[in-house]
Amino acid sequence: MHKTDVVVIGAGHCGLAMSRALSQRSIDHVVIERREVANAWRSERWDSLKLLTPNWLCRLPGQAYDGAQPDGYLRAAEVAAFIARYADRMHAPVQTHTTVQRVAPADAGWCVGTDAGDWRCRALVLASGACSRPLVPRLADEVPASVAQWTAQTYRRPSQLDPGGVLVVGASATGLQLAQEIRRSGRRVLLASGEHVRMPRLYRGRDVQWWLLASGVLDQRIEAMDDPLRARRLPSPQLVGSDERAMLDLNVVQHDGVELCGRLVGLRGTRALFSGSLHNVCALADLKMNRMLEAFDAWSTERGLDGEVDAPQRFAPTALAAAPRLHAELGCDVRSIVWATGYRPDFGWLDAPVFDRRGELRHDRGVGVDAPGLVVLGLPFLRRRKSSFIHGAEDDVNELVPHLVGHLDRSARSTMQHAATLDTRGATTACLR
Amino acid sequence: MTTPTQTQHADNGVNVEALLGAKAALTEAPEGALFRWRTTSEWVNGTHSRATVDGFYGLGGEQRHRRRFVFDSDHPEIFASADNGVTPTEYVLVALAGCLSAGIASVAQHRNIQLHSVRASLEAGMDLQGVLGIDSNVRNGFDGIKVHYEIDADASAEQIAALVAQSQKRSAVFDIVVNPTDVTVSTSKV
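Protein chains in written order, with this note's numbering: chain A, 11 to 443; chain B, -8 to 181.
Be aware that a few hints might be false.
[Unchecked claim] DEER-style ranges, computed between Cβ atoms: (1) A:304 / B:21: 35 to 43 Å; (2) B:77 / A:379: 50 to 58 Å; (3) B:37 / A:279: 32 to 40 Å; (4) A:370 / B:25: 20 to 28 Å; (5) B:25 / A:374: 24 to 32 Å.
Treat the hints as calculated values from the structure; they're not laboratory data.
Backbone N, C-alpha and C define an ideal beta-carbon position, used for all residues, glycine too.
Same shape as in the complex, but just chain A:
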């Protein structure tokens, strides 16, 4: 049994940013990582993936991108290298190739059981990522066996797929990127789109992420949102990081030859059924994009920036076929399905009453509810809109570290009182697997 004050689960950018903050305060801790540092970026993403944020936004507390292409976008392997350099530079106490098997409350703290021994700690930081588990709708179970199914986690490149038709389900950043590259490989592609978030890559000559950051959108706090649940579930915007800094939206992929249909809503035998709501979800996305651009324009004028950026732009509405298709024959029109229907974190090893009715971790802006000493990082809109971005880790860590320190101070005081009144053997419970 190892002992430490804080166990951080996951050596990605969030876990390491937290580790650095703990080291600066001389708080004893360990970062547990199931494989290598930045594992998800090394082994769980498709080959062509690049960050949705430009390089100049690639920054962690104490380290920023310093390469020659600030307006470019890092490939997944480059993100992994950036994070590995961060871990090395600050000598993070990372224990790699250690898989967490069960985490449970133990008196005055937590017990972290791993395949390389158990840890006892007083505080726990969950930094295992927001995208651990692909979210696949239940109807995937009814897809005929003749159709190969892929997720954004298992798909790597078009050549893996059968040469026949491909149904890509989901029109967020992932779905659009995969639909485009699979179509460009020569395959017939159907893209099923529900509600989505449309935005240009460049607006008035600047990366849209510049506008979002500079105008304060990325710093919006979750407590200021009318509907926090919806804010946290917003799909990722239709963006791609490319050398051309090209726009990626439903018009672009249709121009490439992708056929668009509504949300996949059911299966009847081998027939996939699509919703007739495509016109409305596109109208909603166009309206919301235009509202966002109007807000950027108003902000630019208010700040006197209109002379520094290009003239305001508006983009063509999403063009749709008069009668988009409502069904497709699986095994015939469609030989493969790629599920790009989002991700969820995976806290399956966490054995504690900290989940809500929907199985989601109960937390207040990263602080566990009914879970003393538990902190979570990196989830969508955890504290701010930027919380799940690499550059979003810094503010969240800075605000959550005082909470951890306060918890450790309180637990130290109560443990001393506890020890004074109890036999030491009674205060230690075995760490059960």
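Go by the hints and put chain B onto chain A.
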């Protein structure tokens, strides 16, 4: 075009506070959100049927409309019927319009937008070769529905478009029409 200011208060006759209160209450007690809608229908003669709606289940118990509502359905004379009521397919359009317009009023109230008039025109195409069994490749139902809204409100064209879009997003009948629903029909002999 006028835009509402914060000091004006729109009144579209929708009690938004009650709706928001219901949302909060049913988030805490989701079993109360489980409703069951019902109708009974009696065949009269020929293609004429008469349906009655009076009760439904919701908020954990049986509920009643203020009074019993009766709806006649039939087919027009060109189908050699007596035309004692609109066709069942037209009821689908009536239901869709009612649902979307109710949504528009509610969303407008929530967004503090005063409505002056909301007029919907709906048209659905249908190829009778489907129901008549002439061509099995033609479906029985609509080949599409076109809805057009003419709205006079204290809002911009974009705000009005957003009202109509949001109403579709939250509409039960829109969902019923655009998405598949499992239907089970059972029979008993009396």
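(request) Check the following: the C-beta atoms of residue 25 of chain B and residue 374 of chain A are separated by a distance inside 24 to 32 Å. (result) At 29 Å between Cβs, range holds.
(request) Hint says 32 to 40 Å; check whether the CB-CB distance for residue 37 of chain B and residue 279 of chain A agrees. (result) For residue 37 of chain B and residue 279 of chain A the Cβ distance comes to about 36 Å; the hint holds.
(request) Hint says 35 to 43 Å; check whether the CB-CB distance for residue 304 of chain A and residue 21 of chain B agrees. (result) Cβ of residue 304 of chain A to Cβ of residue 21 of chain B: about 37 Å, so the range 35 to 43 Å holds.
(message) Assuming the hint says 20 to 28 Å, is it satisfied by the Cβ distance from residue 370 of chain A to residue 25 of chain B or not?
(response) Hint holds: Cβ distance 22 Å, inside 20 to 28 Å.
(request) Could you check the hint for me, namely that residue 77 of chain B and residue 379 of chain A are 50 to 58 Å apart, CB to CB? (result) The hinted range 50 to 58 Å holds for residue 77 of chain B and residue 379 of chain A, with Cβ atoms some 54 Å apart.
In this structure, every one of the numbered hints holds.
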